[in-house]
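Chains G and P, in that order, are what the protein sequence lines are.
Each residue of the first sequence is one higher than the one before, counting from 1069 in our numbering.
Each residue of the second sequence is one higher than the one before, counting from -19 in our numbering.
Wrong hints could be hidden among the right ones.
What the hints assert, rightly or not - Residues from chain P that face chain G, not an exhaustive set, calculated with beta carbons under 7 Å:
id, residue
1, Ser23
2, Thr35
3, Asp36
4, Leu64
5, Ala67
6, Leu80
7, Pro85
8, Gly92
9, Ile96
10, Leu118
11, Val132
Said to hold, decoys possible - Far from chain P, by Cβ distances over 10 Å, these chain G residues were calculated:
id, residue
12, Leu1087
13, Ile1101
14, Arg1107
15, Glu1147
16, Arg1164
17, Gly1391
Don't read these hints as lab results, they were simulated from the structure.
Beta carbons: idealized from backbone N, C-alpha and C, even for Gly.
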Amino acid sequence: MLTAGPQRTVQVTWRLSGLARSLVTLALAALTIAVITRRTEFAGLAAPALLVLIPRQSSRPGAVSVTVAEGASRLTEGEQGTVLARIAGHDQGTTRLRLHPAAWILAGPAAPGADGWHRLPFRAERWGLRPIGTLEVILNDRWRLAEGRLLVGLPQVTCLPQPTRLDSLVVLGKLSARLGEHAARSPGEGIEFAGIREFVPGDRQRRINWPATTRRGTIQLNTFAAERAQVTVILLDIRFDVGPPGLSTADLAVRAAAGLAAAYVAARDRVGLISFGRQLRWISPAGGRRQADRIMNMIAIDSGDGEPLAAVSRLPEAALPPGALIIVVSPLLSLRLVESLRELRERGFATIVIDVLCAEPDVGSGLIGSRDRAAARLARRLWRMEQDAIRFSLRELGIPVVRWDGRSGLDETLAPYTRRVLVNRA
Amino acid sequence: MRGYARARPAFAVIALVAGTVLWAALPTSAARPGSRPVLIVASLCGALTVARLLTDPSAAGAGGLRAGPGGGFGRGLRAGLRALPWAEGTTVAVLGLEVLHPSRPWHTVVLGVALIGFLLALHLAETDAGPAVLRPQLPLLAAGLGLGVLSVGAAALPAAGPGSGWLAVIAGAAALLAAGLALPV
C-alpha cells in the first residue's frame, strides 16, 4: 500500500547549465580567435552558440513542491524497493531525479511514470534500520540553459535479514500439552501412525485395521500419535560483531535466527526471542503471524529499549517457559553468555548452540620481526585453544555445539539433531 | 535492444568528439609547428569527456543498480573526472588546433557545426534526454548556421578590405554580448 508523505516546498537556486557553460566557452573562444587572428570564419563559428544563448530568460520557479512516498517501508535483504517522488510547480521545463544511496543501499535509475510520479528503484543489501539516501532533483528550464538543483532527504527503511532456509526442525522428546503439528510419543488424535491395539467398546469403527484383525482373529485398531506444539526460544547473541561487514558474526546470527523463527512459526510452534546485544531484550513465546513480525522487527532493529546488560543478572524467566527448546545463535565470544548457557542447562532446558564464529583476531598482520611474528602466532594459537575449550566445556555439559558458516542452509548443520528427537538429560 | 537504445547517445558523443578532433587536425602536413601538443591535449580532453560520461551513473546507458558510499578507488576516479570541465577543454583545444592551420573558411564552419553537435549530444547524453527537447532551439541553430555561411562569404573578402575593420568591431561587440550572457542567472 502506498502512503504519500507530506508535500514539502523547497527553494530552488538556479545557475547556468552545463550546456550553457559549454556554449559560452565555444562562443568566447571563437570570437577571441576571430578578433586576434582577424579570421572571419571563427566569428561565424561562434554564431550558432551565441544565438542559442540569447533566449535563456524563461519562467523559472523560485520553489517547487516535492512529495515523496515509499513503495514499502519493510524489505528483506536483497529485495528491491521503490521510492516514488512527485515534483509540482515546474511545468515549463524538464525534471530529472537521481537517488544518492546511503551505505548498503544500491540505487537504480529513475523512471518517470505517466501518473506524474517518478519511480526510483533501490535495494537494501544489509539488514537493519537503514537510511535510503538523498534525492537530488535537477530542474532544467525550457531552453535547457539554466539548471536548478535541490536535495531532499529520504525516509529510513526497515531491512529484515534474509532468513536462512530450514526445512527440518529440531524437536524435543517431551512436548507441551498444546495442540500443534509435531508428532508426540503419546497416542492421540493425530495423523501419524503409532501402532495397533485390541478393540475396546467405545472405539471408532473406522479405525479398525482389517488385515491385522484377520491375522489375529480379534478386532485390532490403528492408533495414532498425538500432535503437540513445541515452545522454542531463540537466543540471539549479537553482543560482539566480528568479521567482514555483510558476512560478520552478527549478520550470520540474525539470518540464522530469522530462518529459525520463520520455520518454527510456520510449524505452528510457540516461538520467543531473547536478544543479547547492547541491551537484553526479549519477546515471550507465542505463535502466529503477528509474533513472527514482532520477532523479525526485534532482530532487525536495535531500538535500544531493553535492559542494560550490566543491570541483568540472569536471563528473563518470562521468556523461558519450562520445557522449552533453547536454540542459541552465537559466536560464543561473550563469557557472560557462556555462563548463562551453563545456568540454563542446570535449570534443565534442552539447549543447542549454533556457532557462527567465522573470523579470527587479526594479530600480527603488520609485524615485521620474526620474534614478533612468533608471538603473534602464539597469541592466535592461545585464542583458538580458548575457543575450543569453551565449546568443549559446553559439550561436556550436554549442550551440542554445531558450526554454521552461512554459506549453506541450516538443514545440513542441524541434521544430526533433526533426524531424532532431542532428549533432555536433566 | 533497450540497452543499445540507451547507449546510443554515448556512441554519438564518441563519434562526434573523435570526428571533431580529426577534422580540426587534418591535414597534419599543413599545420603550423606546435599543433602536435595541441592535438594531444584535444585528444586527451575528448577521451576524458567520454570517460566522464560513461562513469556518470545518471547518464544515458547507465542501467542497473549502483552502490552507495564505500566505492574506494572507483569513487575517487569519478570525483576526479567530474571535477574539471573536460568538454570545454576539448572545445578550446579543437579551436586552437584549427587556428594552427591556414585559413580555410568552409572547413572551419563545418568544424563549428560539428562542435555544436558534439556539445548538444553530450548534453543529451548527460541528461538522458531525447533530441526532441532541443526542438525550440532549432530555428536559432538554423539562423546561426546561416550566419556561419555568411561568415564564409565575408572571409572570401580581401583581408585588407574596407569591411575587415567593421568585422573586428562586430566580433568584439558579440564577444561582450557573450560575456554578458555568461553572467550568473
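Hints, verified against the model:
Annotation: interface hint on Ser23(P) violated; nearest CB of chain G at approximately 18 Å, more than 7 Å. About 14 Å separates the beta-carbon of Thr35(P) from the nearest beta-carbon of chain G, more than 7 Å, and the hint is not met. For Asp36(P), the interface hint is violated, the least distance from its beta-carbon to any beta-carbon of chain G being 10 Å, above 7 Å. Checking Leu64(P) against chain G by beta carbon gives a least distance of about 12 Å; that is not within 7 Å, so the hint is violated.
Restraint check, Ala67(P) versus chain G: the minimum CB separation of about 5 Å is within 7 Å; hint holds. Taking 7 Å as the C-beta contact cut-off toward chain G, the hint placing Leu80(P) at the interface is violated, the least distance being around 11 Å. Here the hint on Pro85(P) is kept, as its CB sits about 4 Å from the closest CB of chain G, short of 7 Å. The criterion of a C-beta within 7 Å of any C-beta in chain G is met by Gly92(P), whose closest approach is roughly 3 Å, and the hint holds.
Restraint check, Ile96(P) versus chain G: the minimum CB separation of about 5 Å is within 7 Å; hint holds. Residue-level restraint check for Leu118(P) is violated (minimum Cβ-Cβ distance to chain G is 10 Å; threshold 7 Å). Taking 7 Å as the C-beta cut-off, the interface hint given for Val132(P) holds, the closest approach to chain G being about 6 Å. Distance check for Leu1087(G) against chain P: the nearest CB is about 4 Å away, which does not clear 10 Å, and the non-interface claim fails.
The Cβ of Ile1101(G) sits about 6 Å from the closest Cβ of chain P, inside the 10 Å cut-off, so the non-interface label is violated. Non-interface call for Arg1107(G) relative to chain P: violated, since the shortest CB-CB distance, roughly 6 Å, does not exceed 10 Å. The beta carbon of Glu1147(G) sits about 12 Å from the closest Cβ of chain P, which is more than 10 Å, so the claim that it is off the interface holds. For Arg1164(G), the condition that its CB be more than 10 Å from all CB atoms of chain P is violated, with the nearest at approximately 6 Å.
At the 10 Å boundary, the C-beta of Gly1391(G) stays outside the reach of chain P, the nearest C-beta of that chain being 47 Å off.
Comparing the model with each earlier hint shows violations of hints 1, 2, 3, 4, 6, 10, 12, 13, 14 and 16; every other hint is respected.
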